[in-house]
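There are 2 protein chains.
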Amino acid sequence: MKHSFSNFKWFLILSILLSNFLGFSQDYYGPDERRKWLDIAENNIPSLKETIKHPIDLVKTIKDTNAFQVYKTESIGGLDDFYKTSLKTQSGIILDFGEHITGQFTFSLNTLFGVTDAPVRLKFTFGEVPSEVSVPFDPYPGGLSRAWLQDEIVTVMSIPSTITLERRLSFRYVKVEVLGSSPYFDFSLTKASVKATTSATSEITDLSATSSELIKKIDQVGLNTLSECMQTVFEDGPKRDRRLWIGDLYLQALANMYSYENHMLTKRCLYLIAALAQEDGFLYSNVFEYPSPHAQEGSPFLFDYAILYNVILRDYLDATGDTETANDLWPVAKRQMDHITTYLGEDGVFNADKAVKNKWWLFVDWNDQLDRQTALQGIMIYSMKGTLDLAEKLNKKSEVKQLPKWIESMSSGALKHLYDKDLGLFISGKDRQVSYASQSWMILADVVKPKKARNILHNLQDYKNAIKPGGPYLYHYYVQALIDSDLKEDARELIENYWGGMVKKGADTFWEVYDPNNEELSPYQFYPVNSYCHAWSCTPVYFIRKYPEIFQN
Amino acid sequence: MKHSFSNFKWFLILSILLSNFLGFSQDYYGPDERRKWLDIAENNIPSLKETIKHPIDLVKTIKDTNAFQVYKTESIGGLDDFYKTSLKTQSGIILDFGEHITGQFTFSLNTLFGVTDAPVRLKFTFGEVPSEVSVPFDPYPGGLSRAWLQDEIVTVMSIPSTITLERRLSFRYVKVEVLGSSPYFDFSLTKASVKATTSATSEITDLSATSSELIKKIDQVGLNTLSECMQTVFEDGPKRDRRLWIGDLYLQALANMYSYENHMLTKRCLYLIAALAQEDGFLYSNVFEYPSPHAQEGSPFLFDYAILYNVILRDYLDATGDTETANDLWPVAKRQMDHITTYLGEDGVFNADKAVKNKWWLFVDWNDQLDRQTALQGIMIYSMKGTLDLAEKLNKKSEVKQLPKWIESMSSGALKHLYDKDLGLFISGKDRQVSYASQSWMILADVVKPKKARNILHNLQDYKNAIKPGGPYLYHYYVQALIDSDLKEDARELIENYWGGMVKKGADTFWEVYDPNNEELSPYQFYPVNSYCHAWSCTPVYFIRKYPEIFQN
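Heads up: the protein sequence lines correspond to chains A and B, in order.
With the working numbering applied, the first sequence corresponds to residues 1 to 553, in that order.
With the working numbering applied, the second sequence corresponds to residues 1 to 553, in that order.
Source of the hints: derived by calculation from the structure; they are not laboratory data.
None of the values given here were measured: they were computed from a predicted structure.
Treat the hints with care, as some may be off.
Any copy, or any two copies together, can satisfy a pair, since identical chains are not distinguished.
List of simulated lysine to any residue pairs, SDA-like, C-alpha gap at most 25 Å [stated by the list, open to error]:
#, residue 1, residue 2
1, Lys-49, Val-356
2, Lys-191, Glu-152
3, Lys-36, Asp-347
4, Lys-359, Asp-117
5, Lys-468, Pro-136
6, Lys-49, Trp-366
7, Lys-451, Asp-389
8, Lys-488, Ile-76
9, Lys-88, Ser-299
10, Lys-488, Leu-207
11, Lys-123, Gly-143
12, Lys-60, Gly-78
13, Lys-36, Glu-203
14, Lys-123, Phe-526
15, Lys-88, Ala-295
16, Lys-468, Gln-480
17, Lys-357, Pro-183
18, Lys-430, Pro-141
19, Lys-421, Tyr-463
20, Lys-468, Glu-392
21, Lys-123, Pro-136
22, Lys-359, Pro-183
23, Lys-49, Asp-446
With these hints in hand, go ahead and build the complete structure from the sequences.
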């Protein structure tokens, strides 16, 4: 026995040495747990509702400096005739489906005269907005893959023929060009359709009948945006990136709670993200479904998204009472808190520079000029409070005993070091930057009480060089801060002006990026690659329906 | 009863009036017969032999004025490394499969680092010859559909991924270009293969071991050409047009008889062409298999092809003894003879001008300068003799009693009106044109005896302005004329120089069009759209194997 024990001891020591040598490290949650979570995610894949959609009009795009991105569409009519008329003579024509659609595109060709003696080469360009079917894509100046742009070239070998493009597409407009055909026969496009899919299946209640037309329209466009992004996960955008990001999921889950109420989808996403966490238990910012579920290994740790996961889980529990899921995933939430103190100074202030230097990604907003320190400080407090609330509901407060202390320390640290009394504003970074992000998150974190928050927001509005939100994601939090500060009229005006601005510019769905003064703004150096149906922009649905007293007359 | 008879009579009269009014005309063979023929064609679809092929080398193309079409390939080696190396850094690389292949192309992508965060856009250009993967296709100047050119653009949505292109391709070289990818990951092409298909499945006997290397090579390239064109029909070219043409079928069937002996395929093609004849019983020059068997309705009547059908049927009977098929299709052969006299003058001379004026297509050869009158006169006599032979073998001579008289009249008419005694050459048309086509077909039609034929062919070779063959199809008949005239050495030299010329220029398969002095010659205004593996060019196989005493030492 002694001999065998000795053998076992050596085996153990050698195993540890070997695993260290080979770089093996421990799986924080364990493979069985992850497998179980993946299985639950898989068992909750929603069945997609499929609807066959057809074009409703033929249009041309016209350059117009008053139009969004200087292109507008104009009906040219004659859809019925189009199907019977030579496609050769109509190359470049644009089919308008009348709404934003996500799904697979099918077309049929038939001969008009002669016999197909050669293949036909067609190009289909799918656009969410008119500019996408107007501006040339090449030479491509963008920073993301050129392949995101939805132009597909198809060789049709025989006619009559019905062809379904493999790629799932997201669009309202389809430009059809004939790149090759034979002089010995002619043909028409006799049918075009899309098998549109969504996992947003439930009926939506109407807004109060007395709501303004604008609010109704904003709500509808928000619903369209959300339902288009609801596929087998909450996608960030059905055109691009078609991925599940924690930040987008947070806002989608909120909007979903007040509209389609597909909580099964939220549950699936929470499990999927958990199952695909880093080995050390911290969360990846996003995951992919295809070819099989996986995370973006090696991608930078996105701190604010990781800790917002806990708030999504708490909200999910509140909405569903599903304590089983909340208990299952509680270890994940708890683990995310372990990075709160990693770059926290003794003064209770988050050292953003150090975090960034160590390759953490602090997102907050698409805005290169933004100093993220104070916003992160706010998000950390906000997330700790949410986690504490979750622990309380699960009777697990004893497991996060440190949180109240940290909340207290970071809140007072913020007031002491990040609040400029003279300005009556939170500042961020060594240049004492004033931003909408900092004020919004400090208010959401409840570091200041509503009355002070109101003053801060008024001061912010008056502060000339305040860094404004770069897009809808941060605008959402700003609206919430306004509401939390009882500045309801301001919140309503912002929704009407910002999201309403997109509606007035013809949006069928809300855009990933929107700067009223720079319509060609793109984080990717080429605006057609922007996503024009983007999850994080859908939240007017949430505000309008959660706060009817503010938005519905 | 009277009443009802009267009704029936009126019904009959009205029906006839109505059918005339609506342009209905009688189906010469009747729908049941056609249906039966189609069924037999379908029951004889050969099962294709499938072979998985892989690239054997990486090459680049180099401009070289001494190379065919000024492009040659040069090995750059490193195929094994290629599969492990970033495709982004190798965009434009060319995979060499080492042989001409027809089938479906499959490729796999895998990541080298990072996670696929975006689709990839790839372009594959498939070339039968080096120039096709070297010269730009656009702006496309060709007269046939641009879609025949084999460049396919593919969006790959996720990686790892294995994708099979829908389109069947025909090529030796594949150029791979990366048109779009993400900076956040890299990938390699880990596999490329083709599921090559052919219905040429039987083993081929070796040539006599003492045959010259050149003859062996010509034979092999001919076999490759034939087997690549043998799919579910005898195609004219597997890249283009992939169609069953009577003219190509004739030469393929000959070569097949002396090589793969897939007589079932010949039978299928004979039935298919018959079943899809014009309503008046005359044959269309070509038929299509997809999407379902059909002819090129409305296409011009190609007289020389229609009457050559009979010779193919006779040869098929000779090779197989299949009298059932020959009897089945005899009505078709008999019907083709009914146009012999349509434009025949009382002098026994075919009025080609009148035929062309009435929209008949007289092909004979790709050569705009060729006057086709005398060649057609020869083809008509040749075909009548073949038909008569067929009738004799089927005991149906009584059904074509007119043929001997017509043969006699057209033969003497030819000698009297189309033969220039001073020149010792047949002339054609009002400009008394001297051509290889006229001499060849008159000799094949046996209008002159071998000794006179020899003189004619010598005179032809000496005649400065004789119109030469425009391509392999007519060269075939010229070679046969040389052999029939006992000018065997000349036949051998022609094979060695003309087809051997292609071999020396690197042909893996024989080309649709070949003029040693104009390598960019194309009937379609753009040489890359030429077919570089073309049925009618495969006949050295037939000559070398039918006449071993001439070609095999």
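Hints not upheld, ascending by number: Violated: hints 1, 3, 5, 6, 8, 13, 18, 20, 23.
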